[in-house]
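Protein chains in written order, with our numbering: chain P, 1 to 148; chain G, 1 to 148; chain W, 1 to 148; chain U, 1 to 148; chain C, 1 to 148; chain Z, 1 to 148; chain R, 1 to 148; chain D, 1 to 148.
What the hints contain is simulated information worked out from the structure, not anything from laboratory work.
One should not assume that every hint holds.
[Stated by the list, open to error] For the chain R half of the interface with chain Z, some residues (derived, Cβ under 8 Å), not all of them:
{"no.": "1", "residue": "L87"}
{"no.": "2", "residue": "H112"}
{"no.": "3", "residue": "I115"}
{"no.": "4", "residue": "L135"}
{"no.": "5", "residue": "M137"}
{"no.": "6", "residue": "K138"}
[As the list claims (entries may be wrong)] Cross-link-like lysine-lysine pairs, in silico, DSBU-like; alpha carbons within 30 Å at most:
{"no.": "7", "chain 1": "R", "residue 1": "K142", "chain 2": "D", "residue 2": "K111"}
{"no.": "8", "chain 1": "P", "residue 1": "K111", "chain 2": "P", "residue 2": "K88"}
{"no.": "9", "chain 1": "D", "residue 1": "K142", "chain 2": "R", "residue 2": "K62"}
{"no.": "10", "chain 1": "D", "residue 1": "K88", "chain 2": "D", "residue 2": "K141"}
{"no.": "11", "chain 1": "C", "residue 1": "K41", "chain 2": "Z", "residue 2": "K88"}
Please read these numbers as outputs of a predicted model, since none were measured by experiment.
Note that beta-carbon positions come from the ideal geometry of N, C-alpha and C, so glycine has one too.
Protein chains: 8
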Amino acid sequence: MMDDIDIKIIEMLNEDGRLNNNEIARRLSVSEGTVRNRIKKLNDSSVLKVTGLINPDLMPEKQLFLLGVRIAASKDLTRTAEMISNLKGVLSVYITTGRYDLMVEVWLPVKHGLIDFIGGPMSTIDGVVSTESFLAMKSLKKWIAESE
Amino acid sequence: MMDDIDIKIIEMLNEDGRLNNNEIARRLSVSEGTVRNRIKKLNDSSVLKVTGLINPDLMPEKQLFLLGVRIAASKDLTRTAEMISNLKGVLSVYITTGRYDLMVEVWLPVKHGLIDFIGGPMSTIDGVVSTESFLAMKSLKKWIAESE
Amino acid sequence: MMDDIDIKIIEMLNEDGRLNNNEIARRLSVSEGTVRNRIKKLNDSSVLKVTGLINPDLMPEKQLFLLGVRIAASKDLTRTAEMISNLKGVLSVYITTGRYDLMVEVWLPVKHGLIDFIGGPMSTIDGVVSTESFLAMKSLKKWIAESE
Amino acid sequence: MMDDIDIKIIEMLNEDGRLNNNEIARRLSVSEGTVRNRIKKLNDSSVLKVTGLINPDLMPEKQLFLLGVRIAASKDLTRTAEMISNLKGVLSVYITTGRYDLMVEVWLPVKHGLIDFIGGPMSTIDGVVSTESFLAMKSLKKWIAESE
Amino acid sequence: MMDDIDIKIIEMLNEDGRLNNNEIARRLSVSEGTVRNRIKKLNDSSVLKVTGLINPDLMPEKQLFLLGVRIAASKDLTRTAEMISNLKGVLSVYITTGRYDLMVEVWLPVKHGLIDFIGGPMSTIDGVVSTESFLAMKSLKKWIAESE
Amino acid sequence: MMDDIDIKIIEMLNEDGRLNNNEIARRLSVSEGTVRNRIKKLNDSSVLKVTGLINPDLMPEKQLFLLGVRIAASKDLTRTAEMISNLKGVLSVYITTGRYDLMVEVWLPVKHGLIDFIGGPMSTIDGVVSTESFLAMKSLKKWIAESE
Amino acid sequence: MMDDIDIKIIEMLNEDGRLNNNEIARRLSVSEGTVRNRIKKLNDSSVLKVTGLINPDLMPEKQLFLLGVRIAASKDLTRTAEMISNLKGVLSVYITTGRYDLMVEVWLPVKHGLIDFIGGPMSTIDGVVSTESFLAMKSLKKWIAESE
Amino acid sequence: MMDDIDIKIIEMLNEDGRLNNNEIARRLSVSEGTVRNRIKKLNDSSVLKVTGLINPDLMPEKQLFLLGVRIAASKDLTRTAEMISNLKGVLSVYITTGRYDLMVEVWLPVKHGLIDFIGGPMSTIDGVVSTESFLAMKSLKKWIAESE
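Bound-form chain P, shown alone:
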């Protein structure tokens, strides 16, 4: 589906998301229009997203948690995962094999952020049986989309 030019554009933008189209075009020996079109198509098909991320370890007022969540056997995993992914503070949700049904990354204010999240938005999600939380005390190679 993706050709070599797509893959190279993705690699360059992964390296530096601010690289301008002309420079990309120059390196690939294609026209600026080609680069612009390719990026637009990759964006529109949800394959690529160029975004500004922040370093969570430098934000003293927020903390990253992983939540292992068990869902009632009678509930639809995908729909429950979608509802959780829309809660304020949720960075991403995985449907997983193993001990938990879902793994959820949340980015919450220090001190009572997690208590407020579990007792607030999370408690409105039907079918959550239990939540086991892991505080990420330190993270490596982790970048976060703050506004999510």
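Take the given structure of chain P and dock chains G, W, U, C, Z, R and D to it, following the hints.
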């Protein structure tokens, strides 16, 4: 440390990492040079990174795994986490509270990718006591830096 | 219940299920009719089944999972196991001692097969409290009855 | 790799492994030689195996166990799995994600069969950290290759 | 509450429950009437019980299981334990600290005894949340009151 | 191996271990010598043991614990179980399926009895990986051989 | 919020809660009135509490337990924790990350204190899913507020 | 060992550790000297300690953690507990029944305090097999001796 202009620039770039400096300057009623300088400073201080990310659910040949890792009590958690973060296929590493010492995100070829990772690079890390793996069968709001 | 001839027939057919009755008869120095009758009786009493099996590791489009299932204490284990054994994709079911009440082998399409199974057929089974899944990334000495 | 004729032959043999080549040929409107060749090729490439299986629930003198096995992080999972698969009594071995590294099916004499297996053959395998056993008290849709 | 004579009588009867009163009296230099009275009092106050026990490892048709049972938080542990202790096959029940609320010893017919117990008598006990079973494959220094 | 008379003698002695031979003989319409011989044979073959037991809940100075013990995979389970069964305070030992390798019943002084047992006799047993203890706060239908 | 004088007063009172105000004033070279005011303010703002504590290991008639408690996902953690903290025998309650939702310290009569607590006051708290108890057989550096 | 006057003094000091001896004497209708002597004796015998405690939830720069610690089976639990109780940051240590061998309360700087504790002082303690941490996000009725 960050002022309002920094925060607004981060928010705009989080929304669209390709937004050009002139447009950002216009929206904030500051000069293009100010925007350029601010972005450079945020980059240099490891607060901000603008990058192209891909959607893991659209890449059929790779799979995302979370690994819960236990480290021997006599080992340095931070150094072990750093060594693991440098292994090929590792997206990020957290030092966590709870049942595991580390949580590791890995992005590996389908079929035998995880067996090869555990039996290969991971087996060279001293002090790993056990690894419990979770396959992310589906992910929501997850974007991955392919080249990592 | 089974005599020596039965046992030897079973061993030969286990070795090669396509061995013809004449050859078996020759090796055992009995008549072909005896062999035919014995196989029929072993079949009819559900002791023996001769069947064509496939190698799961060579089928790229399907995956083998083991599910550890907990059943509500008020439910009949045998009936629940039977209902699960009839679901599409289920290879076999064991009622076990230990941490789980049932162990279920399922053979499902790659990517979303397990999510669809848990959210679909499995969610209709009354009394399932939780399901912990294990993906068989590689299998040794495992042969599967595809059409089951 | 497999065409429609291969798939239909596999399905027929799965239904009845004793079906003779002439009958298969007749149903598929191909020659007996084609059927014979196809079965031989499927066999030689380890895709298909036609075999006589027994019903474990009718064998009072043996019991089926599942073993969840953890392997030391420094050991090669594939090699350890292969060594275990060659032990007397082992039906099959899976390398799995999740709480265990391997799942092993064993078929052992009642009473002390498992104690003898763990204290005997299994104790010779280097790198086994722990074994958690599950007795299959009843099994559904399970057929076993006795001689293995 | 108990004096030295009581304690010595208990020790002798523990050594050999068939020792007759005259012999006990002779060894303790007390009258046979004293021994008879003391044993009666120890019996009546539920301190002592002299009983014939069998060796479970020599009874091929029955198996000993330990069940770790979790009870709903709203249920009375003592009453639930009493109800379980009256079920046919139950040898003893402990209310415990830790991972389980109750530990139950059961003595059941081989093959399907445990499935029948869990699906039968045990399933009538209100408030049982889960049961984790341990088969005693071999026992040391264990004697059982068969008729219980 | 045992006939009806053996079984009835065992049942009567289980009911009341002090029942004298003449009374048993009268009820079974056999001679006193037959009863005496049968009991002796059952004793000598380790099938039957008549013994005085005490009620643990009435002994304030001792406590009953269950220990779930994990043994190193390279160790002989039966030998390790035997060594543990000979430690002072051990009532019985089971080799079990499931989460633990052994279950051990111990009868120990209140307060520091368990700490002294684990740090003392138990710590001398080679191959013990871990011990998880359960205090029996209350027991039903449990009788204990004090002197063991 | 607290200045150096506050911190030094707290340190002295932590060392010896009976130290009188004059002595504290003398050591800090401030007036007795200052000391009195500061202590009153620290008390009124719930920062400091001077209290008499007892050594639990010297109280033979009571035992300290830790309870790991799981709360239903739909319940308010803070309110449930508050209700539990008001139960007779509860020393303190923590809302925690990890395997349990709450950790509760209780100080209860020996023998049946915990059974009575779980079956009594604790069973009235709505939303408790399970309780796993840990008996503190020995404690170091632990002082308890008896009347709580 | 303690009489009614001792118990009442303890209760008054538990209520208010700053209550002066004269007031206690007046309420109990005994002399001030009696009160002074009794408090001294209770102190000297390690039964009573009057101390200034702080409220952990009002200290933003530190966090309370509970650690469930497993100790190697060959190690002396009491000695290991004592060594851990002397580490900087440790508030108290319990030797417990159940899933962990020790429970440790630690009071550590926010962000990296626990990583530094586990990788620093704790890593020097011989025989620690694993540590599972629980962050106390909120605490009720909990008062801490800061200087410990």
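Which numbered hints does this structure break? 1
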